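Dock chain D against chain Y, hints included.
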Amino acid sequence: MAQPTVAIIGSGQAGLQVAASLRELRYEGRVVLIGDEPHAPYQRPPLSKGYLLGEVGPGQVTLRPAAFFSTQEIELITGKRAVAVDRVRRMVGLEDDSVVEYDHLVLATGARNRPLPVPGADLQNVFFLRTLDEAVLLRAKMAVAKNAVVIGAGFIGLEFAASARKQGLNVTVLDVADRPLARAVSKAMSAACSREHEKMGVRLLFETQVMRLLGEKGAVTGVETVDGRILDADLVVIGIGVIPNIELAATCDLTIEDGIVVDEFLQTCDPHISAIGDVAAYKSDRAHGRRVRLESVQNAVDQGRCVAGRIVGRPAAYQALPWFWSNQGHLHFQMTGLSSSDCEEALRGDPNSASFSVYLFREGRLVCVESLNRPADHMLARRLLNSCVAVEPAQAADANFDLKSLLAGGP
Amino acid sequence: MIKICFIEHDGTEHVVEGEVGNSLMQTARDNLVRGIIGDCGGNCSCATCHGYVDPAWFDKLPPRSEEESVMLDGAMHLEQNSRLTCQIKVTEELDGLVIRLPISQI
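Respectively, the protein sequence lines represent chains Y and D.
Counting from 1, one number per residue, gives the positions in the first sequence under my numbering.
Counting from 1, one number per residue, gives the positions in the second sequence under my numbering.
Chain Y on its own, in the form it takes in the complex (with noise of 0.2 Å):
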C-alpha cells in the first residue's frame, strides 16, 4: 500500500465526524469515507422538522460542501455498498467489485428502520422516516394528505406528528406502549408529552396494536387495530425503532452483541478495527457498566473524535456524556446523561406546565435530566454530569435553590 489508510464504512454522522477529526489532527494517509447512500453526509434530524415544513431545503441538509472533500482530500464515494471485510488482508470490498485496503477500518453503519410485521405494511403511502430519500416522499404525500396515522409514539414519530398537526393534517398515533417514548423517559416527562400534543390537537392511541393496514388499488387506506378499530389514513408512518446495520461486521467473524461490541477505545475484537455511531454496543461508566447502544447525534460525533485521536496516536477511553434533543411542534425536548426504570424523579418547575425538567437519581447519584422547554436547567445539568458534584434530589425539585452554586463551590 503507498499510504496508510483509513477506509470508513458509513458516511453519516458518525462517518464523517471521523474523516473531518482527522483531517482536523493532521492525519496524513489516505482518506476513504464510503457510503450507500446516493447523497453526500448530510444531517438526518432536520428530515423530521425543518424540512417536512419547507423551511430547509434539500440542499441544506448537507453537513458540508461538496468543496471540503476536495480540499480536505476525504475520497467520498457515495451509492456503493461495502459487501465484504478481509480482516487478513485489510480490504473492503464494494457491491461493484471495486475494493478499498486499509490499515485502520471504521465500521459507522448505522441502522436502518424496524419493519412492521403485518399486512399492508408495503402499501402505497406507508413511509419510513430515516433517509433523505425517504423524507423526500413523504414531504410530497403530506402536501396533498388529509389523515396521518403514525404506528409508534418514539421521538420520530411525534416530531412527524407535530410537524404534520403544523401543515394541517388530522394526525393520530398509536403504541403498544401505554405511554409515549415509553422506553427512553420518564413518567413525568411522558405525561406532559401526552398532554402537550393532545393540544396539538394529535389523538393518542395507547395499548393499541396494530393488525394489518387496509388497502385499495395497492395505497393504504386505513389502519385495524387489534381490538378492531379502524383509523382511516391516506397517509401512515411507521416508527417503531431501528434495527442495527451489523451484518457486515458478523460475516468477518466480529464480535456481535445487539450491536458491533467495542471496548472503552471503541475498537471491535479486531486492533485494525473500530465501530463507532449507531451500530456500535459499549460498556458505559454511566450505565452501571452495562453496554449500551445509542442513537444519538451526539454519540456519532464524539465517538466519530475518539476514534480519529487514537488512530492519530492519541488513544482515550470513551466517556462522553450523552445527550440529546427532540423538537415537537412548541415542544423543545433535550436530556443528558443516561437513566434506568429504577431512578428517583425530583420535578423542577410545574409538570403540568410545558416547561419544567425532572432530575433522576440513582442510588443517590444525578444520572439524567430531562428538560422541556428548560434549555437552561440542560445546560447546567450537563456541566453538573460532567463535573460528578454531589446533588440532592431536594435540592433538584427546590426552583429557589441555585444548582449553579454547586458548580462554584464545588471542590
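Hint data in this document are derived by calculation from the structure and do not stem from the laboratory.
Note that this is a predicted model, so its numbers are computed, not measured.
For glycine and all other residues, C-beta sits at the position ideal for the given N, C-alpha and C.
Heads up, some of the hints might be wrong.
What the hints assert, rightly or not - Using 27 Å as the maximum straight-line C-alpha spacing, the simulated DSS-like pairs for lysine-lysine come out as follows:
#1 D:K60 with Y:K49
#2 Y:K166 with D:K89
#3 D:K60 with D:K89
#4 Y:K187 with Y:K283
#5 Y:K199 with Y:K141
#6 Y:K146 with Y:K166
Stated by the list, open to error - Quick list of the computed label-pair ranges, beta carbon to beta carbon:
#7 Y:N386 with D:T12: 22 to 30 Å
#8 D:K3 with Y:R89: 26 to 34 Å
#9 Y:A408 with D:T12: 28 to 36 Å
#10 Y:R203 with D:V16: 47 to 55 Å
#11 Y:C269 with D:I106: 25 to 33 Å
Unchecked claim - Among chain Y residues calculated to face chain D with C-beta under 7 Å, some are:
#12 A40
#13 Q43
#14 P65
#15 M379
#16 L380
Just chain D now, kept in the frame of chain Y:
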C-alpha cells in the same frame, strides 16, 4: 467576497470566505476552524458554537433570541459579547467581522 475572521483562543487566525445565508457556525465548520463544534447542526440545542463578537461589531448584529440567551446562559466562559454562531447568518454587511473563540466549548 465576504471575509470572516475567526480567532482561536491560542491566537490562531482563520480568515475564511462567508456565503450569504449560511450561519457563522457553518462557515467556521466548513473551513475546519477548530474551536467551533456545532454538533446540533444549528438547532440552538447544544451551545457548542459559542464565540465572542468583536465589540466593534456587536451592535451591528441582530439581537439574541430568548432561546439563544438561555442556551448561552448555560454555556461556559460567558462574556458580554458572547453569541451562538449558529444563530447569526452571513450578510454582505458582515464583511470583515471578527469572532474570537472561547478556550473550550464544553
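How the hints compare with the structure:
1. D:K60 with Y:K49: violated (31 Å)
2. Y:K166 with D:K89: holds (25 Å)
3. D:K60 with D:K89: Status holds; Cα separation ~12 Å.
4. Y:K187 with Y:K283: Within the cut-off at roughly 26 Å; holds.
5. Y:K199 with Y:K141: holds (24 Å)
6. Y:K146 with Y:K166: At roughly 12 Å apart (the allowed maximum being 27 Å), K166 of chain Y and K146 of chain Y satisfy the hint.
7. Y:N386 with D:T12: 22 to 30 Å: holds (26 Å)
8. D:K3 with Y:R89: 26 to 34 Å: Because 48 Å falls outside the window, the suggested range is violated.
9. Y:A408 with D:T12: 28 to 36 Å: holds (31 Å)
10. Y:R203 with D:V16: 47 to 55 Å: holds (49 Å)
11. Y:C269 with D:I106: 25 to 33 Å: Since C269 of chain Y and I106 of chain D have Cβ atoms about 31 Å apart, the given range 25 to 33 Å holds.
12. A40: violated (13 Å)
13. Q43: holds (5 Å)
14. P65: At about 6 Å, which falls below the 7 Å cut-off, the nearest Cβ of chain D leaves the hint on P65 of chain Y intact, so it holds.
15. M379: Interface hint status for M379 of chain Y: holds (2 Å vs cutoff 7 Å).
16. L380: Since the shortest Cβ distance to chain D is 5 Å, the answer is holds.
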